[in-house]
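Engineer: Residue numbers (the numbering used here), protein chains in the order written: chain L, 2 to 387; chain Y, 249 to 409.
Do not take every clue at face value.
[Stated by the list, open to error] Dumping the calculated PhoX-like pairs for lysine-lysine here, alpha-carbon to alpha-carbon at most 20 Å:
| no. | chain 1 | residue 1 | chain 2 | residue 2 |
| --- | --- | --- | --- | --- |
| 1 | L | K161 | L | K181 |
| 2 | Y | K401 | Y | K390 |
| 3 | L | K181 | L | K83 |
| 4 | L | K372 | Y | K258 |
| 5 | L | K325 | L | K383 |
| 6 | L | K384 | L | K343 |
| 7 | Y | K358 | L | K294 |
| 8 | Y | K335 | Y | K358 |
| 9 | L | K162 | L | K193 |
| 10 | L | K343 | Y | K401 |
| 11 | Y | K304 | Y | K398 |
| 12 | L | K83 | L | K161 |
| 13 | Y | K258 | Y | K279 |
| 14 | L | K28 | Y | K401 |
| 15 | L | K343 | Y | K403 |
| 16 | Y | K295 | Y | K284 |
| 17 | L | K325 | L | K294 |
| 18 | L | K157 | L | K141 |
| 19 | Y | K358 | Y | K300 |
| 20 | Y | K403 | L | K28 |
| 21 | L | K181 | L | K164 |
| 22 | L | K223 | L | K192 |
| 23 | L | K372 | Y | K273 |
| 24 | Y | K272 | L | K294 |
| 25 | Y | K280 | Y | K293 |
| 26 | Y | K401 | L | K372 |
| 27 | L | K284 | Y | K258 |
| 28 | Y | K272 | L | K372 |
| 29 | L | K325 | L | K284 |
| 30 | L | K294 | Y | K335 |
| 31 | L | K223 | L | K83 |
[Stated by the list, open to error] Partial list, derived from the structure: chain Y residues whose beta carbon lies under 10 Å from chain L:
| no. | residue |
| --- | --- |
| 32 | D259 |
| 33 | T262 |
| 34 | E266 |
| 35 | S268 |
| 36 | R269 |
| 37 | M270 |
| 38 | T271 |
| 39 | K272 |
| 40 | E400 |
Calculated directly from the structure, the hints in this document are not laboratory data. The structure presented is a predicted model; accordingly, all values stated were derived computationally and were not measured. Cβ coordinates follow ideal geometry from the N, Cα and C atoms, glycine included.
Residue-level listing of the chains:
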Amino acid sequence: MIEISQLASTIQPSGIRKFFDLVVGMKDVISLGVGEPDFDTPWNVCESAIHSIEQGFTSYTSNKGLKELRVAISHHLRHEHKIEYDPESEMLITVGVSEAFDLAIRAIINPGDEVIIPEPSFVAYGPVVTLAGGTPVFIKTEAANGYKLSPEMIGKACTKKTKAILINYPANPTGTSYTKRELEQLNNALKKHDLTVITDEVYCALSYDMPHTPWPALNGAKSKCIYLNGFSKAYAMTGWRVGYAAAPSEVIDAMTKIHQYTMMCVSTMGQIAALEAIQNGQKAVQLMVDEYKRRRQFVITSLNEMGFECNMPEGAFYAFPSIKASGMDSAEFANYLLQEEKVAVVPGTAFGPSGEGYIRISYASSMENLKEAMLRMGKVLKKTKK
Amino acid sequence: MDEILTILEKDARTTPEEISRMTKKSVADVKKAIKKFEQSGLIVKYKAILNKELVKEESHPVRALIEVKIAPQKDVGFDNMAERIYKFHEVVSCHLVSGTYDLLLVVEGKDLQTVARFVAEKLSPMENVRGTVTHFLLKTYKEDHDILVKPEKDKRIAIIL
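Using the sequences and the accompanying hints, generate a full structural model.
Structural biologist: In structure tokens:
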């Protein structure tokens, strides 16, 4: 028996593991539980990776990542988002945004430092902070305010130990995003507290109602910002594991040191695929965005009609409806829906205790599946509301 | 292109109620728009895409791509000849193309001989047809964006956070 470290032991396994196993074991389930695009990676992207293997591009790249890719990303950020990052000193290619977030935290957190994380949120943020010796401090956001952070909430959560805040928009699991004005208000509040802002903007291409404003584009924000983005969601490239961080050079230097000793570099074919995606993938992205937008409208309208109150999410591919009308809690509801109607969704509590009373529905699924799933969900309230 | 057309081109069986939910337009407006598209001929008709290899009959119809070289006529160019050719019920589709020949046809018949006879007896002897090249189709992999050879399966894990 090998004894596990105290640090690793403090990380709790997900409480809904059993539910996941149940879903995976069942047949003929329509799964709306998948947090990744249902589209295949655009073929020109796959083809470029195949070609690179044929040409023998199978060795390491530089630790920071292929220079051509960093230059292409820098170009993309300048033209699409009006933000400037030097591809030599201010950018690092990572194994998805997941690695980028871990590196960012490890590069700036000392033991005992606090990191503010809005909740409900993606499951990895808290444990990554804990593993780095920091303390995650969760801020509960509410459906009534569209799950948005406010300057007041941040003010209340700040202590002398607060080092950084994580902001993810458009968000998993709520789809929440922010207008430029809202972001400016948050930025002004954060400046007072001198916090480092880590922004996870991996869903930014999937913004439906307003142009996405990247955090570093805000007035004076760039010098205190670690900007994280990646190829997974926009280009349907989850399995390729390619993301990146852009930040002031001192942060990128520190992140690169950790990356160099733990990861060496991102897989070379993945980087070559990402290069093709960012150079020639915009049309494919637009087609996917148009389709997600139709599905979003369909799902949110259907949910509200059948009595599951749901905000219109600004981005990503998630709906986060209330299931309170059923009289069940999130886990019970997800279980019931799976057993009775064979539709899999994720209980809101998977994303923190403030997700109680809600479920996450991913509309990264064919319209055909969504139509059938909505019909089945429609039966639930009729049955339970006797 | 109008969003209603985009939706119907993907799945012609999408109901006006469903389209209304996808687009924020009222059901009445969607119905009205579809009617207009039908009347103007923008929507020609609705039909199913078949994978004919799976039809359980003893003999499958065969299809051929036929390149046709034509002498254009004064005033009407190729249109007149195209019309005389596409009116044959054997002709599935007919395109005017650039390059070394003029019309590209897809022709269908119950067997090889039928198609060959059509080319030899109907098409080639026509006045102004200068020559033809026939390619019999052996297998169709993709048609109108739909991949026919194998059903696509969802490869994702059922739950990912």
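Engineer: None of the hints should be skipped; say for each whether it holds.
Structural biologist: Here's how the hints hold up against the structure:
As the CA atoms of L:K161 and L:K181 are separated by approximately 28 Å, the hinted pair breaks the 20 Å bound. The hinted pair formed by Y:K401 and Y:K390 meets the criterion: a straight-line CA distance of about 16 Å does not exceed 20 Å. Distance hint between L:K181 and L:K83 is fulfilled; the C-alpha atoms sit about 14 Å from each other, no more than 20 Å. Only pairs whose Cα atoms come within 20 Å are accepted, and L:K372 paired with Y:K258 is accepted, the gap being roughly 15 Å.
Straight-line distance between C-alpha atoms of L:K325 and L:K383 comes to about 14 Å, which keeps the hinted pair within the 20 Å bound. Using a Cα cut-off of 20 Å, the hinted pair L:K384 and L:K343 holds, with the two alpha carbons roughly 15 Å apart. Our distance criterion of 20 Å between C-alpha atoms is broken by Y:K358 and L:K294, whose separation comes to about 45 Å. Note on Y:K335 and Y:K358: the hinted pairing holds, with a Cα-Cα distance of about 18 Å set against a maximum of 20 Å.
With a CA separation close to 14 Å, the supplied pair L:K162 and L:K193 stays within the 20 Å bound. Of the pairs offered as hints, the one joining L:K343 and Y:K401 holds, with about 18 Å between alpha carbons and a cut-off of 20 Å not exceeded. Pair hint Y:K304 plus Y:K398 holds up; C-alpha atoms about 18 Å apart against a cutoff of 20 Å. At roughly 34 Å between alpha-carbon atoms, L:K83 and L:K161 are farther apart than 20 Å, so this suggested pair is violated.
For the given pair, Y:K258 sits about 17 Å from Y:K279 by alpha-carbon distance, which is consistent with the 20 Å threshold. As the CA atoms of L:K28 and Y:K401 are separated by approximately 14 Å, the hinted pair is consistent with the 20 Å bound. This hinted pair checks out: L:K343 and Y:K403 have alpha carbons roughly 18 Å apart, not beyond 20 Å. For the given pair, Y:K295 sits about 19 Å from Y:K284 by alpha-carbon distance, which is consistent with the 20 Å threshold.
Between the alpha carbons of L:K325 and L:K294 the distance comes to roughly 26 Å, so the proposed pair goes past 20 Å and is violated. For the hint linking L:K157 to L:K141, the alpha-carbon distance of about 12 Å falls within 20 Å, and the restraint holds. Taken as a hint, the Y:K358 and Y:K300 pair is honoured in the structure, with Cα atoms around 12 Å apart against an allowance of 20 Å. Between Y:K403 and L:K28 the CA atoms are separated by roughly 14 Å; this keeps the pair inside 20 Å, and the hint holds.
This hinted pair does not check out: L:K181 and L:K164 have alpha carbons roughly 24 Å apart, beyond 20 Å. For the proposed pair L:K223 and L:K192, the alpha carbon gap of about 11 Å is at most 20 Å, so the pair holds. Restraint check: the Cα-Cα separation between L:K372 and Y:K273 comes to about 18 Å, which is no more than 20 Å; the hinted pair holds. Distance check on the hinted pair: Y:K272 and L:K294 sit about 11 Å apart at the alpha-carbon level, within 20 Å; holds.
Taken as a hint, the Y:K280 and Y:K293 pair is honoured in the structure, with Cα atoms around 16 Å apart against an allowance of 20 Å. Taking the CA atoms of Y:K401 and L:K372, the gap is about 18 Å. The hint holds against a cut of 20 Å. Under the criterion of a C-alpha separation no larger than 20 Å, the hint pairing L:K284 with Y:K258 is consistent with the structure, at around 18 Å. Simply put, Y:K272 and L:K372 have alpha-carbon atoms about 16 Å apart, close enough for the 20 Å limit, and the pair holds.
About 40 Å separates the Cα atoms of L:K325 and L:K284, which puts this hinted pair outside 20 Å; it is violated. With a CA separation close to 42 Å, the supplied pair L:K294 and Y:K335 exceeds the 20 Å bound. A hinted pair counts as satisfied when its Cα atoms are at most 20 Å apart, and L:K223 with L:K83 qualifies at roughly 12 Å. For Y:D259, the suggested interface contact is upheld, since its CB lies about 7 Å from the closest CB of chain L, less than 10 Å.
Annotation: Y:T262 was flagged as interfacial toward chain L, and the flag holds, the nearest CB pair being 8 Å apart, inside 10 Å. Evaluation of the Y:E266 hint against chain L yields a held restraint, the C-beta minimum of about 7 Å falling below 10 Å. For Y:S268, the interface hint holds, the least distance from its beta-carbon to any beta-carbon of chain L being 8 Å, beneath 10 Å. Restraint check, Y:R269 versus chain L: the minimum CB separation of about 4 Å is within 10 Å; hint holds.
Here the hint on Y:M270 is kept, as its CB sits about 4 Å from the closest CB of chain L, short of 10 Å. Because the beta carbon of Y:T271 sits about 6 Å from the nearest beta carbon in chain L, less than 10 Å, this interface hint is met. The closest approach between the C-beta of Y:K272 and any C-beta of chain L is roughly 6 Å, which is under the 10 Å cut-off, so the hint is satisfied. The closest approach between the C-beta of Y:E400 and any C-beta of chain L is roughly 8 Å, which is under the 10 Å cut-off, so the hint is satisfied.
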